[in-house]
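The listed protein sequences derive, respectively, from chains A and B.
The first sequence begins at 1 in my numbering and counts up by one.
The second sequence begins at 285 in my numbering and counts up by one.
No lab work stands behind these hints, which were simulated from the structure alone.
Quantities reported herein were computed from a predicted structural model and do not represent experimental measurements.
Hints may contain errors.
To be verified - Distance condition first, Cα-Cα at most 30 Å in a straight line; then the derived DSSO-like pairs of lysine-lysine:
{"id": "1", "chain 1": "A", "residue 1": "Lys-19", "chain 2": "B", "residue 2": "Lys-293"}
{"id": "2", "chain 1": "B", "residue 1": "Lys-440", "chain 2": "A", "residue 2": "Lys-201"}
{"id": "3", "chain 1": "A", "residue 1": "Lys-136", "chain 2": "B", "residue 2": "Lys-492"}
{"id": "4", "chain 1": "B", "residue 1": "Lys-322", "chain 2": "A", "residue 2": "Lys-19"}
{"id": "5", "chain 1": "B", "residue 1": "Lys-449", "chain 2": "A", "residue 2": "Lys-136"}
{"id": "6", "chain 1": "A", "residue 1": "Lys-283", "chain 2": "B", "residue 2": "Lys-293"}
{"id": "7", "chain 1": "B", "residue 1": "Lys-291", "chain 2": "A", "residue 2": "Lys-238"}
{"id": "8", "chain 1": "A", "residue 1": "Lys-177", "chain 2": "B", "residue 2": "Lys-331"}
{"id": "9", "chain 1": "A", "residue 1": "Lys-177", "chain 2": "B", "residue 2": "Lys-329"}
{"id": "10", "chain 1": "B", "residue 1": "Lys-520", "chain 2": "A", "residue 2": "Lys-122"}
{"id": "11", "chain 1": "B", "residue 1": "Lys-449", "chain 2": "A", "residue 2": "Lys-141"}
{"id": "12", "chain 1": "A", "residue 1": "Lys-61", "chain 2": "A", "residue 2": "Lys-136"}
{"id": "13", "chain 1": "B", "residue 1": "Lys-293", "chain 2": "A", "residue 2": "Lys-191"}
{"id": "14", "chain 1": "B", "residue 1": "Lys-329", "chain 2": "A", "residue 2": "Lys-126"}
{"id": "15", "chain 1": "B", "residue 1": "Lys-449", "chain 2": "A", "residue 2": "Lys-122"}
{"id": "16", "chain 1": "B", "residue 1": "Lys-448", "chain 2": "A", "residue 2": "Lys-122"}
{"id": "17", "chain 1": "B", "residue 1": "Lys-293", "chain 2": "A", "residue 2": "Lys-278"}
{"id": "18", "chain 1": "B", "residue 1": "Lys-291", "chain 2": "A", "residue 2": "Lys-191"}
{"id": "19", "chain 1": "B", "residue 1": "Lys-331", "chain 2": "A", "residue 2": "Lys-126"}
{"id": "20", "chain 1": "B", "residue 1": "Lys-331", "chain 2": "A", "residue 2": "Lys-122"}
{"id": "21", "chain 1": "A", "residue 1": "Lys-19", "chain 2": "B", "residue 2": "Lys-291"}
{"id": "22", "chain 1": "A", "residue 1": "Lys-276", "chain 2": "B", "residue 2": "Lys-293"}
{"id": "23", "chain 1": "A", "residue 1": "Lys-19", "chain 2": "B", "residue 2": "Lys-360"}
{"id": "24", "chain 1": "B", "residue 1": "Lys-404", "chain 2": "B", "residue 2": "Lys-440"}
{"id": "25", "chain 1": "A", "residue 1": "Lys-283", "chain 2": "B", "residue 2": "Lys-291"}
{"id": "26", "chain 1": "A", "residue 1": "Lys-238", "chain 2": "B", "residue 2": "Lys-293"}
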Amino acid sequence: MIKVLHPGFYSTIQDLGRKDFQHLGVPLSGVMDVYAAKMSNTLIGNDENCAVMEITMIGPKLEFCCDSVVAITGANLSPRLNNSDISNNSIINVGKGDVLSFGKPINGFRAYLAVSEGFQTKIVLKSRSMYQGITKVSSIKKGDELKIQPKNHKSKTYAVIKLRSDYLNENVISVYKGAEFERLTNAQMDKLFNQEFTISKENNRMAYQLNELISNELNSIITSLVLPGTIQLTPSGKLIVLMRNCQTTGGYPRILQLSEYAINVLAQKKAGDKIKFKLIDYKS
Amino acid sequence: MSEFELKYKPYGERSILIEWPQIISEKILNDVVFYKRKLEHYSFKEKVYVKSAYNSILITYDYTINNFYDEILTLKSVYSDDFDGVISDSKLWKIPVCYDLEFGLDLEEISLKNNLEISKIIELHIKINYLVYFIGFLPGFLYLGGLEKQLHFPRKNIPRLHVKKGSVAIGGSQTGIYPNESPGGWNIIGSTPLNFFDVHNQSPCFAKSGDRIQFVQISREEFDKITAQVDNGNYKIESEVIND
Numbered sequence: 001m002i003k004v005l006h007p008g009f010y011s012t013i014q015d016l017g018r019k020d021f022q023h024l025g026v027p028l029s030g031v032m033d034v035y036a037a038k039m040s041n042t043l044i045g046n047d048e049n050c051a052v053m054e055i056t057m058i059g060p061k062l063e064f065c066c067d068s069v070v071a072i073t074g075a076n077l078s079p080r081l082n083n084s085d086i087s088n089n090s091i092i093n094v095g096k097g098d099v100l101s102f103g104k105p106i107n108g109f110r111a112y113l114a115v116s117e118g119f120q121t122k123i124v125l126k127s128r129s130m131y132q133g134i135t136k137v138s139s140i141k142k143g144d145e146l147k148i149q150p151k152n153h154k155s156k157t158y159a160v161i162k163l164r165s166d167y168l169n170e171n172v173i174s175v176y177k178g179a180e181f182e183r184l185t186n187a188q189m190d191k192l193f194n195q196e197f198t199i200s201k202e203n204n205r206m207a208y209q210l211n212e213l214i215s216n217e218l219n220s221i222i223t224s225l226v227l228p229g230t231i232q233l234t235p236s237g238k239l240i241v242l243m244r245n246c247q248t249t250g251g252y253p254r255i256l257q258l259s260e261y262a263i264n265v266l267a268q269k270k271a272g273d274k275i276k277f278k279l280i281d282y283k284s
Numbered sequence: 285m286s287e288f289e290l291k292y293k294p295y296g297e298r299s300i301l302i303e304w305p306q307i308i309s310e311k312i313l314n315d316v317v318f319y320k321r322k323l324e325h326y327s328f329k330e331k332v333y334v335k336s337a338y339n340s341i342l343i344t345y346d347y348t349i350n351n352f353y354d355e356i357l358t359l360k361s362v363y364s365d366d367f368d369g370v371i372s373d374s375k376l377w378k379i380p381v382c383y384d385l386e387f388g389l390d391l392e393e394i395s396l397k398n399n400l401e402i403s404k405i406i407e408l409h410i411k412i413n414y415l416v417y418f419i420g421f422l423p424g425f426l427y428l429g430g431l432e433k434q435l436h437f438p439r440k441n442i443p444r445l446h447v448k449k450g451s452v453a454i455g456g457s458q459t460g461i462y463p464n465e466s467p468g469g470w471n472i473i474g475s476t477p478l479n480f481f482d483v484h485n486q487s488p489c490f491a492k493s494g495d496r497i498q499f500v501q502i503s504r505e506e507f508d509k510i511t512a513q514v515d516n517g518n519y520k521i522e523s524e525v526i527n528d
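Next up, chain B with everything else stripped away, as it sits in the complex:
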């Protein structure tokens, strides 16, 4: 495993920020995820909460950190030590999406301005296995990497006040799914019947950083069928373990 030069900074009285070089890359994300899982397995003296983003980890303690220097030394040793625990597998999740114009409110505009047939937009959108960098912005909102250049499309100048839950959208060089109804400036190309955030589940969001997402095109009929299955709690999301 290659090691990066990391920076450790105190962040308030109870947290430490760990930073990788400031670029977005899969190699860095893999290292972030590996370190995060090691931290989650390490027996700290007190409870800690570990969050990650593109190239950072923030670890928060339940109590004031009395000695940052010592605590950072501990963190550094977790990073460099071999790990003999079980690392949870990364998964590829298959997300059904209906790209009918009824849902894909901005498909025609993207088609016109990017000079692509709508069928080509869909083809380009479903052929990639997107990497889940982290979850943020809204509960259950996945930051995905890997969108095809031809599909890059600027955010709307005036955001919509209501974007429907399940909307699949493109904002700049990113694609994502709105886990709940919210205001939003991304361009909507389709809709998924799946729940990306459910407070009734013990783990409210099925995906985690390091997983991958693939979109699978479905018809309007299948959309209704899956919606009913999701509502009844008997839809199982198709997934497979990825061995890197």
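Bound conformation, chain A alone:
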């Protein structure tokens, strides 16, 4: 078990999401940065769908009530075990009574904490991903006791994996043409691919809005399907990049679609960060 001494800014339990229920209007949910989350599990020998803790900007303070093996990936939020600094992307043996905490955010926005066998929070609709209205609990609170499996330190040797952390600093977001891309004028396309965009304060697990506008006269579409990574253009010119908790359908024109890799890159951005879009083609 892990006792939550402090929840941090916003921490949730996530796995790879609720893939089977979008046809009923259920958001996918799941980790925002799939790459980092999978790597945190892989490092300690977990299945990649094991539930991890997604930690946003300011990390939590957690007390372990049993031995475990853990790994932290994604954003560098200055992790510490008891009073010593520890590093991301490494295998860490944690003993009963140890306290894991975080300090200053150095790089990136979301970190992932994997523990042996994953967090054992309740499975709802085949997933442990927290989402308000589907799971009873929608984020981690002070005093929570999170169930984990105790893990003996000597039972396993681990593979060495080379992890990339360069993507935390990347500002190029690779995109495919969206379903309504062809409705844009040349001038609008030029603007999309030649100018920098700034992440707005309106950014969360549902969507990232961008500050710069693309003025347009596009009509709305008959409500159709959307996915995480879909970029919608509103009549007021706002670009909305849908993220993991997005609704399953929408009526704004879908002008671009982020590559899966780009969703991970964007998930590490915060308000004020700059990005540029780069158009890529489907393999043919």
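Please arrange chain B on chain A, whose structure you already have, making use of the hints.
Just chain B now, kept in the frame of chain A:
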């Protein structure tokens, strides 16, 4: 079965969007639903997830699609091939609704502005068998088609912060049921005691695209009685198979 000219577009690395002509019609929806059910029965090499809306299907694969051209050819053959499997029946669901003013917070306003007696609003609302186009917006929110023109009513300028679970409402030319408490701009005309989304059920929402919904007026007493039955898990929603 009439065939439409469909468009197939890659949608990210793992999905393909299939589009019908951009109009809302029952004929298109029937074709969407028929194609969706064929796709659900087809043995793909890997797991796929099929979702539909008014005039589109989005099929998502578990892994990256290496060759969109080949995959689209496969999809096209599923569309044009005869189907010899069992197509699940469409159903008509009877949804009990209490239209008392206690629930129908906006009935008086609609009555005034559309110049209709409240009893006439209810009569017009319950006489239609609404077509379920698809489920979206919120878990268990049905997009229904068929609302009488006289009942069309614009969404509120300022949405309510809390619309109660089970509220039956009108927004523009659409009618629908709020499956859970949420903010909402539609005009509330009544309430149903039924659950449209229950995470404890193996199929959390009883309705599916292609089904139909009929609203049945109930009294306040019946509302309480059905609420208790739903809470105890012994209310069976009245339904019948539709043979088109």
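Evaluated hints:
1. Using a Cα cut-off of 30 Å, the hinted pair A:Lys-19 and B:Lys-293 holds, with the two alpha carbons roughly 21 Å apart.
2. Taken as a hint, the B:Lys-440 and A:Lys-201 pair is honoured in the structure, with Cα atoms around 27 Å apart against an allowance of 30 Å.
3. The hinted pair formed by A:Lys-136 and B:Lys-492 meets the criterion: a straight-line CA distance of about 25 Å does not exceed 30 Å.
4. About 20 Å separates the Cα atoms of B:Lys-322 and A:Lys-19, which keeps this hinted pair within 30 Å; it holds.
5. For a cut-off of 30 Å, the pair hint linking B:Lys-449 to A:Lys-136 stands: about 16 Å separates their Cα positions.
6. For the hint linking A:Lys-283 to B:Lys-293, the alpha-carbon distance of about 13 Å falls within 30 Å, and the restraint holds.
7. With a C-alpha separation of about 27 Å, the suggested pair B:Lys-291 and A:Lys-238 falls inside the 30 Å cut-off, and the hint holds.
8. Between A:Lys-177 and B:Lys-331 the alpha-carbon distance is near 25 Å, which keeps this suggested pair within the 30 Å criterion.
9. For the hint pairing A:Lys-177 with B:Lys-329, the CA-to-CA distance comes to about 27 Å; that is within 30 Å, so the pair holds.
10. A distance of roughly 28 Å separates the Cα atoms of B:Lys-520 and A:Lys-122; the hinted pair therefore holds under the 30 Å criterion.
11. Distance restraint check for B:Lys-449 and A:Lys-141: the Cα-Cα separation of roughly 26 Å lies within the 30 Å cut-off, and the hinted pair is therefore satisfied.
12. Taking the CA atoms of A:Lys-61 and A:Lys-136, the gap is near 22 Å; set against the 30 Å cutoff, the hint holds.
13. A hinted pair counts as satisfied when its Cα atoms are at most 30 Å apart, and B:Lys-293 with A:Lys-191 qualifies at roughly 24 Å.
14. Of the pairs offered as hints, the one joining B:Lys-329 and A:Lys-126 holds, with about 22 Å between alpha carbons and a cut-off of 30 Å not exceeded.
15. Between B:Lys-449 and A:Lys-122, the direct Cα distance comes to roughly 24 Å. Compliance with the 30 Å bound is thereby established for this hinted pair.
16. A C-alpha spacing of about 26 Å is found between B:Lys-448 and A:Lys-122, which places the hinted pair at or below 30 Å, so the restraint holds.
17. As the CA atoms of B:Lys-293 and A:Lys-278 are separated by approximately 19 Å, the hinted pair is consistent with the 30 Å bound.
18. For the hint linking B:Lys-291 to A:Lys-191, the alpha-carbon distance of about 28 Å falls within 30 Å, and the restraint holds.
19. Using a Cα cut-off of 30 Å, the hinted pair B:Lys-331 and A:Lys-126 holds, with the two alpha carbons roughly 15 Å apart.
20. At most 30 Å may separate the alpha-carbon atoms for a hinted pair to count; B:Lys-331 and A:Lys-122 meet this at roughly 25 Å.
21. Between A:Lys-19 and B:Lys-291, the direct Cα distance comes to roughly 25 Å. Compliance with the 30 Å bound is thereby established for this hinted pair.
22. Between A:Lys-276 and B:Lys-293 the CA atoms are separated by roughly 24 Å; this keeps the pair inside 30 Å, and the hint holds.
23. Between A:Lys-19 and B:Lys-360, the direct Cα distance comes to roughly 24 Å. Compliance with the 30 Å bound is thereby established for this hinted pair.
24. Taking the CA atoms of B:Lys-404 and B:Lys-440, the gap is near 22 Å; set against the 30 Å cutoff, the hint holds.
25. For the given pair, A:Lys-283 sits about 19 Å from B:Lys-291 by alpha-carbon distance, which is consistent with the 30 Å threshold.
26. For the hint pairing A:Lys-238 with B:Lys-293, the CA-to-CA distance comes to about 24 Å; that is within 30 Å, so the pair holds.
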